[in-house]
Every structure is written in structure tokens, then in C-alpha cells.
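Anchor point for the sequence shown: position 48 equals 48 in full-length UniProt numbering, and the numbering is continuous, going up by one each time.
These aren't lab readings, by the way, just hints derived from the structure by calculation. Treat each hint with caution, since some may be false.
Simulated pairs of lysine-lysine, BS3-like, Cα-Cα distance not exceeding 30 Å [unchecked claim]:
no., residue 1, residue 2
1, 68, 112
2, 68, 15
3, 112, 15
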Amino acid sequence: MGLAEFLDACLPGGKAARSVNVSRRHGYVYVTTPKCGCTAVLSALQRLELGDPGLHPKRGGTIHARAKSPLPPLGLDEAAAALLDGSLFRFTFVRSPFTRLLSAYLNKIVRKREQRPQVNALLGLDPGDMDTHVSFGDFAEAVSRQEPRQMDQHWRPLVLQTFACGVEYDFVGRFETFQRDIRAVDARLGGVLGPYLSAEPFHPTFCGQRMLAYYDDALAERVAGLYRDDFQAFGYDTDWRALCWRESARHLFHPFDPEMDLPDAPADYSTRASAV
């Protein structure tokens with residue numbers, strides 16, 4: 001199987017090529033990963049391509065509209081060729097499945113409700129019903145009823161979204177250390193991206209600090225099972241309480257410094273957290 005066929009097997013129906021962004025001028029390939037900072041990354045890359053530091057997603061359409069993007073739409077073969085081109089810097093970003101799924105729920109089901117109709121249908125509700133409460137547990141149940149390749153991009157497994165088994169990346173950044181890692185991308189591009197980066201968060205849900213309100217051990221175990229391949233492929237810890245500790249400590253001690261060194265969770269943190 002060639003790479004083009006592999007990409008299409010991961011994301012069928014033309015979705016694969018739409019996730020691949022190439023700039024020959026600046027020498028990179030970026031594969032989008034929704035809920036992993038992709039709006040911030042794409043905004044900066046499009047500003048760079050246009051030489052326009054003031055470009056904003058709400059100005060002149062959406063950053064995600066490929067037909068309007070200065071990073072031109074690609075065919076499947078073009079996308080595969082770019083990902084095989086060793087002269088281009090190939091990068092993407094990933095995120096813990098625990099916070100990524102919660103962020104998708106808070107942003108797309110609770111706040112904007114853009115994906116409510118498809119989730120309603122999976123739960124046996126009227127697709128147009130926006131009044132019946134859908135809990136995070138209900139959402140996880142709906143996700144579990146989907147075939148991964150048919151999932152919405154905001155919660156599709158990242159091993160599929162990134163074509164992880166078939167693409168050799170030069171850099172895989174983490175949402176958890178986004179500021180540090182986007183600077184590493186800038187360095188690899190020769191420092192040209194820095195002036196176009198924005199400190200403004202896009203679609204913030206602050207879900208890292210809200211995990212204890214939505215997760216319990218049973219739900220965490222279910223999510224760990226749904227995203228087992230993501231946890232393994234990208235080295236994320238399945239101990240959700242340890243993640244709660246790190247995110248809460250970061251928010252409490254220095255919310256504006258994602259690179260700070262944090263102490264390990266106390267030995268009895270799981271006991272204390274379960275009592276909250």
C-alpha cells in the first residue's frame with residue numbers, strides 16, 4: 001500500500017488531504033489535529049504566509065476554510081508526496097486524550113453545540129433536541145458507538161488524524177507544553193514564525209483545571225480504552241488523577257507559565273482527590 005492509499009484508509013472521503021498544510025516557501029508540512037491548538041498554529045502559519053500579523057480567524061472567514069487559505073488545498077497524491085519529502089519540516093501537535101475529549105465536549109457540545117445533532121442521533125435522541133441534557137458520560141457513550149474513522153475530527157483518535165503509523169515526523173509537539181513547543185517549531189523554521197504568533201487563546205475551555213468535575217475512575221477507564229492507541233503511541237499517562245494534579249498545580253502556582261517545573265503528586269493524592 002502506498003502512502004496515498006494509507007492516508008485515505010486513515011481518513012477516508014477526502015478528509016486526509018484537507019488535514020495536510022504545506023508551504024514550499026517556508027519549507028514545512030503541518031498536519032492539523034483539532035483540539036490540540038490547531039487554530040493557533042494555523043493562524044500563525046497563515047499570517048506568516050501572507051505577511052499579515054493582524055490576521056484573525058474571525059476576519060475574512062475562518063482559518064479552517066481551505067478554499068480561502070493561503071496554504072493551498074491539496075489532492076491526496078500531493079499530500080502524500082509532501083509527507084514523503086525529506087526536505088520539508090514535518091510536524092504536528094498531540095494532546096492527552098483525557099483533556100482532548102473533555103475539551104471537545106465543552107466546546108462543541110455544551111458551548112457551541114455544533115456537533116449536538118450527530119451526538120443526539122447516536123444516543124437515540126431527536127437530532128434537533130438542544131434542551132435534553134447530554135452529560136460528559138453520555139458524550140463518551142456516543143463516541144464509543146462510532147467507528148473511529150467516521151468520528152468527528154474533534155475527537156477522532158490522533159493515531160488516525162496524524163497518520164502516525166505511516167508518517168515519519170520531524171517534530172511532534174504537545175498541547176501541554178504548547179508555548180515551548182511552538183517556539184521549537186519557530187526555531188526549526190529559522191525564526192520566521194515568531195512575529196506571527198499570538199498569545200491569545202482560541203476556543204479556551206480550561207478543561208485541565210475542570211477534570212475532577214467531569215471524570216471519575218470508571219469514566220477515565222472507559223476513555224483510556226477508547227483511546228488506548230493514542231495513549232501508547234504518544235506516551236501519555238493513563239493515570240487521570242496525576243494529570244489532574246499537574247494541571248491544577250500549574251493553574252494554581254503559575255497559570256501563565258506552561259513550562260514551569262511542577263512537583264510530583266503527593267503519594268495520597270488519589271485518595272484525597274477521590275474525596276473531593
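Hints, one by one, checked against the model:
1. Restraint check for residue 68 and residue 112: satisfied, since their Cα atoms lie roughly 23 Å apart, inside the 30 Å limit.
2. Taken as a hint, the residue 68 and residue 15 pair is honoured in the structure, with Cα atoms around 17 Å apart against an allowance of 30 Å.
3. In summary, the hint linking residue 112 to residue 15 is supported, as the alpha carbons are separated by about 22 Å, within the 30 Å threshold.
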